[in-house]
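S.K.: Sequence:
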Amino acid sequence: MLRVENLSKSWKNFRFEGVSFEVKHGEYFIILGPSGAGKTMLLETIAGIFKPESGKILLEGKDITHLPPEKRKIAYIPQNYGLFPHLNTFENIAYGLRLRKYPIEEIQKEVHGIAEVLEISNLLGRDVKTLSGGEQQRVAIARALVLKPRLILLDEPFSSVDPNMRGRLMREMKRWRRELGFTAIHVTHSFEEAMFLGDRVGVMIAGKLEQVGEIGHVFSKPKNEMVARFLGHENVFEGQANGNTVEVGGLKIEIARPSRGKIKIVIPPESILISKERTLSSARNNFEASIQSFEDLGTIVKLWLRAGELNFSAYITKASFLDMRLSEGEEVFISFKATSVHVID
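The letter at position 223 of the sequence shown is residue 222 when you use numbering that gives the first Met the number 0, and the numbering goes up by one with no holes.
Derived by calculation from the structure, the hints in this document are not laboratory data.
Idealized CB from N, CA, C, for every residue including glycine.
Some clues are possibly wrong.
[To be verified] Here are the computed distance ranges between Cβ atoms for each label pair:
hint, residue 1, residue 2, range
1, K147, S281, 49 to 59 Å
2, K72, G307, 50 to 60 Å
3, D62, P33, 27 to 37 Å
4, R305, G242, 25 to 35 Å
[What the hints assert, rightly or not] As a list, the in silico PhoX-like pairs of lysine-lysine whose alpha-carbon atoms are at most 20 Å apart:
hint, residue 1, residue 2
5, K207, K222
6, K70, K100
7, K261, K251
8, K70, K50
9, K147, K23
Kindly produce the complete structure, drawing on both the sequences and the hints.
M.R.: Take a look at the structure:
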């Protein structure tokens with residue numbers, strides 16, 4: 000559907016370089032990265048606001064790299080939504096249709112139709128300056144979708160709303176996508192948005208798209224230490240591999256695929272099991288550990304543990320934490336499968 004090939008652009012203090020990825024028809028693609036990574040500039044280059052220094056942008060097989068924004072059939076929703084303050088809700092949504100000289104009857108039909116799907120029919124006569132952040136976002140999305148674009152670009156769409164409204168809008172976005180079947184690229188720094196909405200994700204750090212893949216795969220199997228650290232992995236270790244064993248921090252950790260020499264590994268905290276006694280299981284890695292500290296996160300508890308010379312983080316349910324009567328300084332056993340240990344670049 001969309002193919003970006005080796006795209007590069009510099010502007011002021013921002014730069015992205017050699018960015019390549021594809022978005023499939025009907026896909027919700029997330030570009031995830033920290034502030035200053037170049038995510039917004041990449042989105043604006045795809046929209047045609049910026050011209051790339053090199054590379055290509057192809058939409059449905061057609062090279063649109065040098066087309067003006069209005070000829071790309073791409074809708075772009077900036078962080079501030081870009082609503083026209085002098086127009087009411089109806090006229091904001093209808094703006095693009097009027098620009099394209101749609102008949103009045105068709106404008107009425109299309110605006111009311113999209114307003115019904117987005118549940119903003121009651122707002123059509125309202126001044127947009129009187130709308131809440133969540134209502135303004137719906138109007139901006141309606142204005143984009145009413146034109147039936149081939150692709151919709153969303154720049155941090157939930158950044159201007161409070162946490163409760165954010166959760167509701169995320170659920171509604173999922174419904175709108177299901178009902179309308181649009182293709183989208185969504186820029187964010189939020190792991191929650193990526194996990195909840197995305198089909199695939201591209202992790203962008205310091206102007207480079209470091210890894211692209213399905214959400215679950217990228218989060219559990221980061222490509223390199225930079226991606227792993229950004230995604231919040233704390234169990235990142237460097238050791239000496241000899242076949243299926245890695246010696247690190249006084250421990251011999253079993254891995255699924257044989258390796259040789261110095262390597263780095265990641266062990267997802269959710270893959271680590273905690274027990275008061277050594278248990279017999281399929282997990283090939285079993286170590287004594289001591290609880291250094293813990294944090295109550297509601298239904299789960301995060302533990303920081305010391306095994307050998309290594310510091311691990313792990314999660315346990317609140318119920319299990321209370322049942323085992325765990326506390327700081329207590330000796331426990333940690334176990335994890337060899338297949339849970341991921342070797343990174």
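S.K.: Now, for every hint given, state plainly whether the structure supports it.
M.R.: Structure-based check of each hint:
no.: 1; hint: K147 with S281: 49 to 59 Å; in the structure: holds (51 Å)
no.: 2; hint: K72 with G307: 50 to 60 Å; in the structure: holds (58 Å)
no.: 3; hint: D62 with P33: 27 to 37 Å; in the structure: holds (31 Å)
no.: 4; hint: R305 with G242: 25 to 35 Å; in the structure: holds (27 Å)
no.: 5; hint: K207 with K222; in the structure: holds (13 Å)
no.: 6; hint: K70 with K100; in the structure: holds (15 Å)
no.: 7; hint: K261 with K251; in the structure: holds (14 Å)
no.: 8; hint: K70 with K50; in the structure: holds (14 Å)
no.: 9; hint: K147 with K23; in the structure: holds (17 Å)
Of the numbered hints listed earlier, not one is contradicted by the structure.
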